[in-house]
Amino acid sequence: MQGHHRGKKVLRNSSEVALRSIAVFLMSVFFLLFFAVPIGIAFIGSFHQWNPLKQQFDFLGMRNWNRIFANGLFWHSMKNTFVFAMIAVFFRVILGLILAHVLHSKLIKHKSVYRTLYYLPTITPMVAVAFVWKFIFDPRIGLLNRLLNSDINWLYDGRYALAAMLILTIWKDFGYAVVILLGGLYSLPTECFEAAEIDGANSWQRFTRLTLPLLRPMVLFVIIVSLISYFQAYIPVMVLTQGGPGTQTYLVTYLIYKEAFSKYNFGYASALSFIVFVFIAILTAVTFKISGKNVPF
Amino acid sequence: MKVKKALVMTFLLTFMLSFTICNNTLAQEMPSDLIGNIIQYDPSVPLNNGEDITVELWYWTGAANLFESLATKYMAIHPNVTIRLVENPWDDYWTKLPLALQGSDGPAIFNIHNSHHENLIGYLAPYDIPVGDLEAEFTGVSGHLIDGKIYYTDYGLMTGTVYYNTDMWAAAGLTKADIPTTWDEFREVAKRLTIRKDGKLIQAGYSYNGGIQGDVLGMNYQYGQNLFTWDNKISLNNDAMNMVIQRLKDMYEKDGVCDYNFGNNAGDNFGQGLVAMYLGWGFMTNVFGQNFPNTPFECFEIPTPTNDIPYAFHRYNGESTFGVNKNAPADQQSIAQDIILFFLANDAIQKEFCLVNAVFPMKVTLQDDDELLSIPSVAILKDHIDRYIWPGPMPSTVEDNIKIALENIFYNNEDITKALTMAEKAINEDLEYSDFTSQEPMYKYASEAKK
Chain A
2 MQGHHRGKKV
12 LRNSSEVALR
22 SIAVFLMSVF
32 FLLFFAVPIG
42 IAFIGSFHQW
52 NPLKQQFDFL
62 GMRNWNRIFA
72 NGLFWHSMKN
82 TFVFAMIAVF
92 FRVILGLILA
102 HVLHSKLIKH
112 KSVYRTLYYL
122 PTITPMVAVA
132 FVWKFIFDPR
142 IGLLNRLLNS
152 DINWLYDGRY
162 ALAAMLILTI
172 WKDFGYAVVI
182 LLGGLYSLPT
192 ECFEAAEIDG
202 ANSWQRFTRL
212 TLPLLRPMVL
222 FVIIVSLISY
232 FQAYIPVMVL
242 TQGGPGTQTY
252 LVTYLIYKEA
262 FSKYNFGYAS
272 ALSFIVFVFI
282 AILTAVTFKI
292 SGKNVPF
Chain B
75 MKVKKALVMT
85 FLLTFMLSFT
95 ICNNTLAQEM
105 PSDLIGNIIQ
115 YDPSVPLNNG
125 EDITVELWYW
135 TGAANLFESL
145 ATKYMAIHPN
155 VTIRLVENPW
165 DDYWTKLPLA
175 LQGSDGPAIF
185 NIHNSHHENL
195 IGYLAPYDIP
205 VGDLEAEFTG
215 VSGHLIDGKI
225 YYTDYGLMTG
235 TVYYNTDMWA
245 AAGLTKADIP
255 TTWDEFREVA
265 KRLTIRKDGK
275 LIQAGYSYNG
285 GIQGDVLGMN
295 YQYGQNLFTW
305 DNKISLNNDA
315 MNMVIQRLKD
325 MYEKDGVCDY
335 NFGNNAGDNF
345 GQGLVAMYLG
355 WGFMTNVFGQ
365 NFPNTPFECF
375 EIPTPTNDIP
385 YAFHRYNGES
395 TFGVNKNAPA
405 DQQSIAQDII
415 LFFLANDAIQ
425 KEFCLVNAVF
435 PMKVTLQDDD
445 ELLSIPSVAI
455 LKDHIDRYIW
465 PGPMPSTVED
475 NIKIALENIF
485 YNNEDITKAL
495 TMAEKAINED
505 LEYSDFTSQE
515 PMYKYASEAK
525 K
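If you read the sequences in order, they're chains A and B.
Just so we're aligned: the first sequence equals residues 2 to 298 in our numbering.
Just so we're aligned: the second sequence equals residues 75 to 525 in our numbering.
Think of the hints as simulated: they come from the structure by calculation, not from any bench.
These numbers were taken from a predicted model, which means no experiment stands behind them.
Check before you lean on any hint, since a few could be wrong.
Stated by the list, open to error - As a list, the in silico DSS-like pairs of lysine-lysine whose alpha-carbon atoms are at most 27 angstroms apart: (1) Lys55/A to Lys307/B; (2) Lys323/B to Lys135/A; (3) Lys492/B to Lys323/B; (4) Lys80/A to Lys499/B; (5) Lys264/A to Lys499/B.
Claimed, not checked - DEER-style ranges, computed between Cβ atoms: (6) Phe70/A to Glu522/B: 42 to 50 angstroms; (7) Arg160/A to Gly347/B: 28 to 36 angstroms; (8) Val119/B to Ile124/A: 55 to 63 angstroms.
Note that the Cβ used here is the ideal one computed from N, Cα and C, for glycine as well.
Construct the complete structure from the given sequences, taking the supplied hints into account.
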């Protein structure tokens with residue numbers, strides 16, 4: 002009898018069943034109302050000339066979709082978004098890994114102070130941070146040019162504008178990776194490391210042969226969460242460059258914003274959003290495939 | 075009998091006396107003097123049968139005092155009317171307002187900016203004021219006629235003018251006589267105002283860093299070139315626009331009056347005392363006054379290619395009068411129409427709105443007003459106010475795409491023709507989905523435009 006119930010959670014009484022049903026029902030309603038229905042409407046809207054502000058909803062067939070694929074700005078924005086996301090994820094993970102490892106080491110004192118300092122930019126509102134960095138990047142009075150003794154117009158020079166957005170984003174977000182990966186490091190089994198030390202493994206070997214493989218699920222978690230977040234990055238463009246100079250820093254989410262809230266072309270913006278949605282889904286699947294399994298979510 | 079007679083007399087006297095007092099009070103609360111000349115407002119006409127009523131007036135952040143002043147003056151005349159003021163930030167305003175207007179509980183009256191014409195026009199009720207009266211008292215009404223009706227018009231006109239720092243001007247040995255009227259003269263003056271130390275730019279003679287799209291879209295008129303074709307397509311890749319942009323490039327690259335790394339906001343840099351001349355719209359008068367009160371400045375009219383009167387000096391844009399919500403309940407719409415009549419008939423209120431926004435008054439009776447003409451950016455328009463053109467409520471795609479084109483030209487070294495062709499194509503694709511109609515054919519001198 003006991004074996005029959007193994008692996009199944011036995012519900013204790015009818016009130017627990019009721020509570021579970023209510024919770025599932027409310028979650029389903031919430032999901033339907035705020036996710037499934039809007040996504041469905043947006044999908045239908047992507048086949049229309051849709052401006053809710055003037056109650057316009059005219060069927061266009063595939064015209065929005067065809068326009069997107071024929072639009073050079075879309076491809077340019079996608080390329081920028083891809084480059085932006087890859088570089089930002091890379092540095093977020095690498096910096097996070099290095100600093101988490103350093104903080105995990107026994108040599109560092111006052112760890113909570115460093116943890117707090119690294120995490121502070123993450124909890125600061127992005128808009129506020131972006132405005133501060135706008136001053137830092139100013140070619141005349143900006144701190145960055147003074148520190149580097151340079152004369153770079155960070156936000157209006159096509160060679161540097163995307164890099165400037167990346168600097169801001171990485172600075173703002175690396176703390177998140179530090180905290181997550183540090184948590185991961187603390188959860189690793191100490192016996193393995195003690196055994197490796199007894200066997201004569203040096204610290205580099207312990208890091209590459211033990212820490213990294215054991216930490217892989219957490220790293221993958223950070224990568225996927227970062228990818229999703231950076232494919233939706235929008236505030237740095239809005240505050241720092243507005244897509245410029247020209248269209249050099251257009252990211253696809255900014256393009257969606259311009260179509261939806263500047264031109265009120267919600268149909269076209271919805272079609273763009275679906276493309277981004279599918280792209281993120283594919284990229285996430287590929288990341289899973291490449292990295293294997295064992296993601297803690 | 076005598077007692078009875080005395081009582082009746084006393085009652086009658088008391089009644090007459092109280093009626094007189096009451097009448098006097100009413101007369102004080104309801105002034106009987108008509109306001110206005112052709113468009114007239116009669117404050118003694120009771121509203122909503124004297125019953126209490128509340129209407130909402132929506133406006134965007136920036137000039138709350140103006141709307142409070144209007145509401146206070148109006149409610150003083152009509153104590154039974156309560157105007158509830160609702161303020162929204164600019165960006166939110168343009169999404170919240172059209173959605174609110176779709177129902178019956180949206181604001182009865184609201185502030186309008188013509189850049190959002192397309193999203194609002196479907197919700198507007200036409201003004202009750204006869205069009206002839208509006209045309210007699212306000213300039214530019216004809217540009218707002220839709221099927222013979224007016225849904226909103228302009229109370230003030232704003233355009234691009236050149237702001238110059240008077241201290242820098244004097245330090246360069248320049249006087250009022252040196253104020254340039256042609257672009258060649260302007261370039262010479264800009265050179266004189268430029269200061270370099272060891273080859274490094276210290277003071278820019280003229281800067282357009284951070285965006286000049288609002289002005290480039292308008293300089294074409296100086297060459298007789300309209301922005302739109304007869305079928306409402308934009309025309310950017312033409313000789314006029316090429317010349318305008320090439321001149322701007324040359325000022326930096328040949329004359330060296332500024333460079334693209336000398337700050338990213340020419341307006342702020344002017345206020346900070348780094349730039350001697352700046353081409354900006356009329357509202358910058360107030361921006362400089364508020365943010366940079368220690369920067370001394372004057373204005374002059376935008377230069378032209380030659381000293382001949384051009385087809386148009388520049389384009390203008392209007393500060394719009396209020397809109398009435400056609401979906402609001404009839405009694406609220408009636409009050410909204412009455413507020414608009416009060417607003418348009420009242421010279422003092424018109425003047426207050428023009429002063430605060432530093433705009434040239436569209437009301438004819440105010441066009442010689444000394445106080446308004448003391449605003450530098452307003453005064454310079456007086457002589458050729460009829461030589462400014464309104465292209466119509468241009469959709470945002472026009473300014474967005476010319477901004478991209480100009481940044482590609484100035485910052486990314488893209489060929490002018492190529493950049494303009496791309497912008498033209500992108501705008502015309504968007505215009506296919508727009509109801510935009512150019513108002514250029516309505517311009518007084520439209521026949522002088524290049525064919």
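Here's how the hints hold up against the structure:
1. Lys55/A to Lys307/B: holds, 22 angstroms
2. Lys323/B to Lys135/A: holds, 26 angstroms
3. Lys492/B to Lys323/B: holds, 15 angstroms
4. Lys80/A to Lys499/B: holds, 22 angstroms
5. Lys264/A to Lys499/B: holds, 16 angstroms
6. Phe70/A to Glu522/B: 42 to 50 angstroms: Check passed, 44 angstroms falls within 42 to 50 angstroms.
7. Arg160/A to Gly347/B: 28 to 36 angstroms: The hint (28 to 36 angstroms, Cβ to Cβ) holds, given that Arg160/A and Gly347/B are roughly 30 angstroms apart.
8. Val119/B to Ile124/A: 55 to 63 angstroms: Roughly 59 angstroms apart at Cβ, these two residues keep to the hinted range, so it holds.
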